[in-house]
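Trainee: As a plain string of letters, each chain reads:
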Amino acid sequence: MQRLAVMACVLFGCASPAWAAKVDVHLTDGHGHGVDDAVITLTPDGTVDRAANAPPPATHVVDQKDEVFIPYVQVMRPGDKVVFRNSDSTRHHVYSFSKVKAFEFVLSPGESSPAMTVVNTGIAAVGCNIHDHMITYLFVSDAPAIAMSTHGGMATLDHLAAGRYTMHIWHPQLHPGKSETTRAVIIASDVDVQHVAIDLSLIPDPRMFMDREHLDY
Amino acid sequence: MRFMGFRLRLALFFVATLVAVQLLTAGLVYEVTRRALVAEGERQLVTNAQAFTTQMDDISARIAGNVEVLSLDYALRSAIAGHDRGTVFSVLRNGGRRVGASRMRLVDLDGKVAVDTGNAKATAIPFPFTDLVASAFDHRTAAVVAQDGRASWMVVVPIYAPQPVGLVVVNVPLDNARLAHMQRLSTLPRDIELAAQWTPGTWSVVARGDGQSALVNGLNKSHRALPWTPLLTSVDSKEYMVLAQQLKQPERGTPVVAVLGYSLDAALRPYRSVAIAWATLLGLGLIVGLLGAWLTARSVSRPIETLAAAVRRVGAGDYRAPQTTQRNDEIGQLANAFGTMSEAVHQRELRIRHQAMHDAITDLPNRVAAEAAIDEMLGRQEITSGALLVVGLTRVPDIIKTMGHALCDRLMRDASERIRRVATDAYLARISDSQFLLWLMHARQPEATAVALRVLDVLNEPYQETDLSIDQLPSIGVATAPDDGSQAGTLLRHAEVAQFAASGSASALNFYDVSTDPHRPERLSLMGDLRDALDRDALELHYQPKLDLGHRRIDGAEALLRWNHPRRGWVPPDEFIGMAEDTGNIHRVSRWALSSALAQLRRWRALGLPLNIAVNLSTRDLEDTELPSRITGLLAVHHVPATALTVEVTERAVMGEPDAAIRILRRLAEQGIGIAIDDFGVGQSTFAYLRHLPVSELKIDQMFIKHLATDANDQIIVRSIVDLGHRLGYRVTAEGVEDEGALDYLASIGCDHAQGYFISRAITADAFTDFVTTHDNAIVETPP
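Which chain is which? The protein sequence lines are A and B, in order.
Here the first sequence is numbered in our numbering, starting from 108 and rising by one per residue.
Here the second sequence is numbered in our numbering, starting from 2 and rising by one per residue.
Next up, chain A with everything else stripped away, as it sits in the complex (with noise of 0.2 Å):
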């Protein structure tokens, strides 16, 4: 409930209500099976006025229960705060290296971390130091138009204008050093209603469903 909640902010923030074009985006796993937690943007083509669609800042809290991070992708918009909150009865060394924001915290059980105000776009691994297995992905982005795969891999982007966009598509378990997928999207008029299926080659979930220290692959 609160990741479509969430959701839901980012998108209404992002619209516009005078468009109506929408892309739906379905994408699988290459066995049929829909992915979700996969981040897609779409970013028209040439320059755009960000600072004119900037919805106001907001926090977001990425809680700690049962040794797993929720949600395992946080959409943020740059100037967004973040708390990390530990509901488990476990201590956690919540950290990050990433460019876009290094950090550490030590949580003690029912613990919360200050409000962290993200400012870089970027994608942002935050692990446990003390559960391997724990990850989740602050994905900072200012893209017009952003959305998350859900109920099986469904993504819908909607109120867009007509025009040439580049489709980003982001996902935590994407093989590592590949390089982004993207699409281009090319939207006729303000109503038009494009299908984007994509497939995904995607690594296994590190998260709490494997014990990374006894891997098995």
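Keep in mind that a hint or two might mislead.
[As the list claims (entries may be wrong)] Listed below are the simulated SDA-like cross-link pairs for lysine to any residue, each with C-alpha atoms no more than 25 Å apart in a straight line:
1. K285(A) with A82(B)
2. K129(A) with A304(A)
3. K206(A) with Y75(B)
4. K285(A) with V114(B)
Calculated from the structure, these hints are not laboratory results.
Given chain A, put chain B in place with the hints provided.
Mentor: Below, chain B without anything else, positioned relative to chain A:
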């Protein structure tokens, strides 16, 4: 030896069967074992190959675990994230040492080498095995990489901080030590090699489990490809099962395989002691079997050999029964049959020998037996003398012809019993149909005489049957040992000669006398000497002058053969002529006489002496149809007229084969040759024959002439012959004139010729020439 062979064959058959079965078993066991080992080897190789890869995976897991632990270090994570190469380098080196790696590398997500413990300075070099990097995030990635003649196990481990930030590449050397270590930890075979294909088609070894195996080199030598399924092959003349196992390797890496060998020899080694024990057992079994076979064979062949020896003994005449065997089997039956047979043969031989040595009628020993017995007795030292009596029943041949054999047999049986009665100690035998033999040991002439007379007495009693009385006319000849011979044969012959002589004499008993024996063996040698004499012209012709009573002169001669034997001196013609007739040599003698006489006649005729020569012909000559033509030839050769030759033949000679003789004499007479009948008056001839003969002259036998001067009867006979001869146209010659009275009487009755000692004995040709030329007149003048 044949039975030896039989035994040997039997034993060899047993042993050969034993050996064959054993070897067959050994072969089977070996083959089965070997097949089992080959199958086991295949199974083991496949298992080992899997085990090898599993071990490699274990190594990967261990290394990955180590590297992950390494990567969990917050400092390292921050160093990597912060691109602190120095810290990362030292941490990797430490971690590398811990896992036994030879090289550690940190590869960035963009595929460039960020840190390399093998080369501290090198950075940003692309990591060559991109496929390994690509797959490392999906699954555990490890592969064999061969470089610079060495192989290593490359494990690629992703580093998370917390997202993937790079990869650590760990190189663990796959060297001999590593393989040896792996072998120690597991059931990997001793023979394991890692081979790399640096150049296509050639595999070379980069590591060996025990440092000595030569599987790949062996395969290379025999130009064999690496076997991907277990292959039975020979490496360095040892048998191996070989299997090559492909190892995980990067796409662009040098191919590396693990080659596993399973040594059959080594696998068979535990069986070797079993094989030795088995061979020992076989050897022992062989010896026992051989011994047993030999013993068994011997129990069969030994009695057969005994039998064979017994049969050989029987063959040699020894009829002692073969050792009776107590066996009840076939061999025992055979032995008993042999015994029965040899006994039967023995009995038969005794009978045959008895028959061979005895007379069937009288059951006395026969001549052969007697001779053997006497010789045997004479052979003894103590016997120095003895008398051999031959008792002959002269009338036996007549009796057989008259009364038949049956009666004669009874008579002989009776005679033998009579002799036996009076000569109880003597050895008695029947030596012919009509003769008995008595051998008196130690006897000399007086004892022999006594026995002989007793025998004669009993045999002179006529043989009596119911209505028959037969005189047997016994006669006895005696020869004594050692005077008349020292061997039975000689004694017997001499006794027979004596008996033959006795059979004609009144006393009916005669002792052998060598001087009167007409059958002396030297006669046989005389013939050869005669042939020699003919060849050497050693005979001579002497001539007895014939006086022509009418003219009182010598006008003829009778040629007489003389033989001066080199050892015996003069041999009388009677002796050698008769013998020459018997042996068929008379033709040569007559031919020689004719030829010599005619040659002499020619010489005398050359001297102006027109003599007529008479040559004696024998009975055999008158059977020779060539004779007339031969004489014609001789006459021609010597240029002598046929009328100068007279041939003299006896009446008996003509009467032998009268027709042939008459034909030959006629042919001679037709040529003009004179024919004289010699010894006229003493033969059995009659004038009936004379009528058919072309006779020209009669020669009155000297028997009638010898006493002619005084005997009136002879005078009448001679005068009658002369008269008769003259009337028949024959000339008449008187032989054997020894006194003047006879000569005068012959002259008075008109006899034509005379010859005899009174005129001259037979003299040599030269003497005859002298006699004719000088004394002719004297004789001629003598009568008034």
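Trainee: Taken at face value, is the distance from the CA of Y75(B) to the CA of K206(A) at most 25 Å?
Mentor: Judged against 25 Å, a Cα distance of about 17 Å means the pair holds.
Trainee: Verify the proposed pairing of K285(A) with A82(B), using a straight-line Cα cut of 25 Å.
Mentor: 18 Å, holds
Trainee: Given the hinted pair K285(A) and V114(B), is their Cα-Cα distance within 25 Å?
Mentor: 16 Å, holds
Trainee: Hinted pair, alpha-carbon criterion (25 Å max): K129(A), A304(A). Please report holds or violated.
Mentor: 14 Å, holds
Every hint, counting from the list given before, is met by this structure.
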